[in-house]
Amino acid sequence: GADETPDGGSPPQDKVTYLTAFGAVGRDAFAWVAQEKGWFRDAGIDVTIQLGAATGENLKVLAAGRAQFANLDLTGAWILAGKGEYPDVRAIAAIHQQTLVSIVSLEGGGVTTPKDLEGRQVGAATGSVNQLLFPAYAKLAGIDPTKVTWVNAPPAQLPALLAGGRVDALSTFLIGAKGLSKAAGGKPTVVLPYSQYLPELFGNGLIAPLAITRDNPDLARRFRDAALKGLQYTLEHPEEAAQIMKKAQPAVDVAAAVGEITLMAPYVKPSGVIDRGRVTAAIATLEKSALIPPGLTPDSVVDFALAPAS
Amino acid sequence: MIRLAGVSRTFTSRDGDVEALRDVALEIAESQFVAVVGRSGCGKSTLLRLIAGLLAPTGGAVTIDGAPVSRPRPDVVLMHQLPALLPWRTALGNVMLPVEIRRLPRAEYRARAADLLDAVGLTGFHQRHPYELSGGMQQRVALCRALIQRPRVLLMDEPFSALDALTREELATQLQAMHMSAPATTVFVTHSIPEAVLLADRVVVLSSRPGQVRRVVDVHLPRPRSFGHNAYTAQAAECAAELHELL
Amino acid sequence: MIRLAGVSRTFTSRDGDVEALRDVALEIAESQFVAVVGRSGCGKSTLLRLIAGLLAPTGGAVTIDGAPVSRPRPDVVLMHQLPALLPWRTALGNVMLPVEIRRLPRAEYRARAADLLDAVGLTGFHQRHPYELSGGMQQRVALCRALIQRPRVLLMDEPFSALDALTREELATQLQAMHMSAPATTVFVTHSIPEAVLLADRVVVLSSRPGQVRRVVDVHLPRPRSFGHNAYTAQAAECAAELHELL
Amino acid sequence: MPPVLGVAGTVAVWWGGTRVFGIRPLFLPAPPDIVAAFRAQPGYLLREAGATLTVTVAGFALAVVAGLLVAVTLTAWRTMERAALPVLVGLNSVPKVAVSPLLVVWLGFGSRPKIVLVLLICVFPIVVATMAGLTSTPAELGELGRSLSATGWQTYVKLRLPWALPQVFTGLKVAVSLAVIGAVVAEISQPGDGLGAVIVLSGMSFDTPLAFAAIALLALLSTTLFYLVVALERLLVPWSRAISG
Amino acid sequence: MPPVLGVAGTVAVWWGGTRVFGIRPLFLPAPPDIVAAFRAQPGYLLREAGATLTVTVAGFALAVVAGLLVAVTLTAWRTMERAALPVLVGLNSVPKVAVSPLLVVWLGFGSRPKIVLVLLICVFPIVVATMAGLTSTPAELGELGRSLSATGWQTYVKLRLPWALPQVFTGLKVAVSLAVIGAVVAEISQPGDGLGAVIVLSGMSFDTPLAFAAIALLALLSTTLFYLVVALERLLVPWSRAISG
Ligand SMILES: Nc1ncnc2c1ncn2[C@@H]1O[C@H](COP(=O)(O)OP(=O)(O)OP(=O)(O)O)[C@@H](O)[C@H]1O
Ligand SMILES: Nc1ncnc2c1ncn2[C@@H]1O[C@H](COP(=O)(O)OP(=O)(O)OP(=O)(O)O)[C@@H](O)[C@H]1O
Ligand SMILES: [Mg+2]
Ligand SMILES: [Mg+2]
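Line by line, the protein sequences are chains B, A, P, Z and G.
Take the first sequence: its letter number 186 is residue 186 in our numbering, and every next letter is one higher.
Take the second sequence: its letter number 121 is residue 431 in our numbering, and every next letter is one higher.
Take the third sequence: its letter number 230 is residue 787 in our numbering, and every next letter is one higher.
Take the fourth sequence: its letter number 94 is residue 898 in our numbering, and every next letter is one higher.
Take the fifth sequence: its letter number 136 is residue 1185 in our numbering, and every next letter is one higher.
No lab work stands behind these hints, which were simulated from the structure alone.
C-beta: ideal position from N, C-alpha, C; glycine also.
Incorrect hints may appear among the rest.
Claimed, not checked - To give a feel for the contact side, a few chain G residues facing chain B, derived at Cβ under 8 Å:
1) Val1069
2) Thr1124
3) Val1153
4) Val1154
5) Ser1238
6) Val1249
Claimed, not checked - DEER-style ranges, computed between Cβ atoms:
7) Ser536/A - Arg772/P: 21 to 27 Å
8) Met805/Z - Asp580/P: 54 to 60 Å
9) Asp385/A - Thr1200/G: 49 to 55 Å
10) Val808/Z - Thr1200/G: 47 to 53 Å
11) Ala1057/G - Asp385/A: 41 to 47 Å
12) Ala734/P - Glu555/A: 21 to 27 Å
13) Leu873/Z - Asp580/P: 42 to 48 Å
14) Ala1291/G - Gly369/A: 41 to 47 Å
15) Gly847/Z - Pro217/B: 56 to 62 Å
16) Ala305/B - Pro1074/G: 46 to 52 Å
17) Arg1088/G - Gly165/B: 49 to 55 Å
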């Protein structure tokens, strides 16, 4: 309970650990904002923010009970769920209403339309969702996915590969484009979002294990609301949000973070709504692309009782 | 009593065998001082290592007081042909090593160690490390390390080889005194016939490789003996001549 | 010609200084055979290391043919007090080491090395490694390694200390023969007075630490000399007695 | 003087290289960029260096204890060596990146899994070097120990271990360098704090000079620890230099 | 026999552990899962193991040559050591993840950057161990060399290097294990082929048993290479065991 104690003592707090989606970059700033503004505390939650890694690693940590909430790529998580992995986690809010996965290339590199990708080398994080989704994207964009050569690399190496001319394009989140352009010495970038052809897929979302959503929905609700409050504030004050994050993680580059927040804004609904119809459509797309076997139901991946309805 | 019954020792290696000792039979009574002489490479060190339980005979058997020697015994002390000092210990520390290993009272033995070092002429070098000592000084430290243990059986492998004639004589005389006051069964390998005659009750002469007992010469001279001119010189010279002949 | 002019050597360490040699003056003529005797720790090895250019004097100067010795010279060979054999080489390989380093014709010297090993009684052990040899055998390998080099100056540090009396005598006799046929300037440290008298033109007697030249005894005996009973025995005995007195 | 020259030379080559070949700061920033990055937030970088140092030293200390114990055990019982050494070698080759998430799952966040990772990465050289040292006791010293009827324990304490010390230090020098690397690997895979976290986080926001400032601090840290081990060696085994030449 | 028992024991403990603690295959698969994963595609796994082996051996060979040269240089000139060793220690601590993109940009894809990474990771122990060996020549052998007026080169070839060999092998044993790790690190960061690629790709698709099959092959590879080095040591330095006891 979050009952206020009248004599000024702090209310009893639920201790939880929260995992960011990808270290400390703009898309994760909202967590630090909620923390800094005291919204988690006001909700009676004592949150420890840990820097997360890839979707799979975050899920592993959740499954092991070492963290209670995480921000991660919902599409990736649902592909895993479709394969029967991690059946006991549920999404409780969407951060990005659409997937941010895109093809990014440097201007003058000759890639301006999806068609230009044929016969080119594209770099992507090893085994990432970006690669898994590409055939579906290619089909809809009318290109032959077999004519594209993929180059696997760790996320940190990708900018160097593009800037060094070792690949023609990258498949990354579009919000990284600003940073890529900076890394490439200021050359502007060309961004081809997957969402143009795959609008029904989600991007990042908040996720929690069943142990929370089923057994302690009140905690989940309080956490969700505080986090979304942070998200709203972040979208309204990108600069301040970036500064807050930098205070906690001084390695953060404020300009890059602000860039990310601005770029992702169009894809975000501060309500965090997860629409059942969209989820059904997303699952259908994944099935159609043979990424998952048929049979996954929306209720097995999203807790619609907790997910904001509008 | 030490008994060697038909003891042989052959070293085997890829390059062929070396027969170091063949069929050595020897009995050494309690408290007896036996000197072993023989040409270089005839198996003297091997003989001592067999008695010390560091090597197993390839034939025959070594027994001490009737018990076969299968491993080193605490009452048998070997002074190795090389000094084998620990480079990280001082002279005194090296002499104290057996004391520490046998868990004898340190304070008491420390004084004894210092006395021994002084007695062999190493006054002022107690706190020096082996690499600061000359060859002969190192050998004297090793000698002290052997003597501090007051063993029942003392095996010494050319203990004075690196010493000058005078120091040799002094130390041999001291050794004789020690043996007379507290006799240990001693097997003493030496290349010096006068030394053998001075110290030993019996001198074992080994033949060249393979080492076999060529002769055991008894030295019937009363103790204390000395190197100098005295009543027994003639007798001693005779004995020495006999040994010289045998070698 | 080797000349030591007021040579001193002090070893300095945290535990205090050791004065090994003090004010040693010595001249050794070309082809002369000089024996050095003195008590253990008096600085004999230090003296040889100074002449060999392995140590620098802390006072005075060492010159060979007028040139100061600041580093080892190729025409000076030192036989160390320890055998210092390479464990990964056979006896023959160890003897060949200087030949390889000096880039002398291998085939020819190989035969010479084998002859030398045979001469010191190591027939059958040419292909053995040092750890398969007895102490005295190792020393003989080291001796062969020194002799194969036919140096102008030969420095020997107790070369026979690990050998039995008989082998010692044989080798000393051989050394005498070699010196007579092809004389090298030789400095020979020994603890055996008879050996010094047999081999040397002059015997340098060093005092105890710090080593100083106490006396230089000239040995005016015609060569070849021998240990056995011969015409010069009386003279030799007198010489030996004098040396014994001096030590 | 020479060390200063060495470092100065390296920096000069690097600087010149970035100039002459026009290497972009993304790949290899020039020294002034790095100095600027350091001066922008020195407190932060030093704090993170402190975190890395703590993890490194804790893991290294554990590795020294564990390594010596394992080496003694393996050399004392020949059967043990034949049974356990192959397993150890095999386990050592398991990629630490595969182990790192498991460690978080078992030990939680914080420094414990990092310390364990450092231990795992740097214990092997200590084991191998100590084993080599312990089995290299000269025959005559081994014989001395046996003829004194020393117990196994005494043989180790009085003879084998002291003799092995110079070689143990070889292991320690390699291990201390690996310990720093281990700490960074742990921090990269779990970037809560430490210089590894700085490297990975600044990499995410394309701030290469900051990453290289962290790398420079790492190099400094590593070199300092290495020479501390060297100093300890000089202190503990002066005899080793005295008997070699 | 003991090696078999050791491995069997380890497998048993692991298997029992997964059973008793009910560890999910996702975290730590049980041995039968791994055997099944291997038997599903043995050809593929062995081919990738071959790729890893090639990179490992090539990088290791280069590291041996480079390590020996560096060690000889540093011990031959004291000033050189004082100038270059700190730099080397510092460079060695640079996280390889920071170097890896540079290598790819310079050397392209394929095995070249991987081989270089292996070299960088495993050269340091060779340098440290060889230096320790080269400076441990007993005083009397050093004096022998000097009194024979041996040239610097001869001193090394005839005396110092042979004497150092046992310690060089300590370095090689550590290095060969690191070489395997280096190859895997390189393959993980640039997963074209090799067991490292299998680990990272199967990890991405949550096929933990396949990842562990690759890890098991790695352990086998590493152990084999380690014991090859041990065998080479027995062959080249038989005297070292003969003079110690
Ligand atoms: N470990 C070994 N391996 C092979 N042969 C050996 C070994 N130890 C000794 N030998 C051989 O055994 C013989 C006797 O050696 P030992 O050391 O007993 O001689 P020694 O009488 O003590 O000689 P010295 O007076 O020279 O010390 C020698 O021929 C030697 O080559
Ligand atoms: N490296 C050293 N450091 C310190 N002191 C030394 C060193 N080398 C020799 N000494 C000292 O110098 C003195 C003379 O030593 P040296 O080896 O020349 O004696 P020596 O006459 O050859 O004796 P021995 O007959 O016993 O071989 C000794 O007291 C010894 O302690
Ligand atoms: Mg002997
Ligand atoms: Mg001497």
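To see whether the hints hold, each was checked on the structure:
1. Checking Val1069/G against chain B by beta carbon gives a least distance of about 17 Å; that is not within 8 Å, so the hint is violated.
2. For the restraint placing Thr1124/G at the interface with chain B, the shortest Cβ-Cβ distance is roughly 37 Å, beyond the 8 Å limit, so the hint is violated.
3. Interface restraint check for Val1153/G: the shortest CB-CB distance to chain B comes to about 6 Å, inside 8 Å, so the restraint holds.
4. At a threshold of 8 Å, the smallest CB-CB gap from Val1154/G to chain B is about 4 Å, leaving the interface hint in force.
5. Proximity of Ser1238/G to chain B holds as hinted, the smallest CB-CB distance being about 5 Å (cut-off 8 Å).
6. For Val1249/G, the suggested interface contact is upheld, since its CB lies about 5 Å from the closest CB of chain B, less than 8 Å.
7. The hinted range of 21 to 27 Å is satisfied by Ser536/A and Arg772/P, whose Cβ atoms lie roughly 26 Å apart.
8. Met805/Z and Asp580/P have their C-beta atoms about 39 Å apart, which leaves the hinted 54 to 60 Å range violated.
9. The hinted window of 49 to 55 Å between Asp385/A and Thr1200/G holds, with their beta carbons roughly 54 Å apart.
10. In this structure the supplied range 47 to 53 Å is violated for Val808/Z paired with Thr1200/G, their Cβ-Cβ distance being about 31 Å.
11. Taking the beta carbon of each, Ala1057/G and Asp385/A are about 45 Å apart, inside 41 to 47 Å as hinted.
12. Look at Ala734/P against Glu555/A: about 25 Å separates their beta carbons, and that is inside 21 to 27 Å.
13. Checked against the given bound of 42 to 48 Å, the beta carbons of Leu873/Z and Asp580/P, roughly 56 Å apart, lie outside it.
14. A hinted range of 41 to 47 Å for the beta carbons of Ala1291/G and Gly369/A is inconsistent with their spacing of about 24 Å.
15. A hinted range of 56 to 62 Å is violated for the C-beta pair Gly847/Z and Pro217/B, which are about 43 Å apart.
16. Distance hint check for Ala305/B and Pro1074/G: the Cβ-Cβ separation is about 31 Å, which falls outside the suggested range of 46 to 52 Å.
17. Between Arg1088/G and Gly165/B the beta carbon distance is about 43 Å. The supplied range of 49 to 55 Å is therefore violated.
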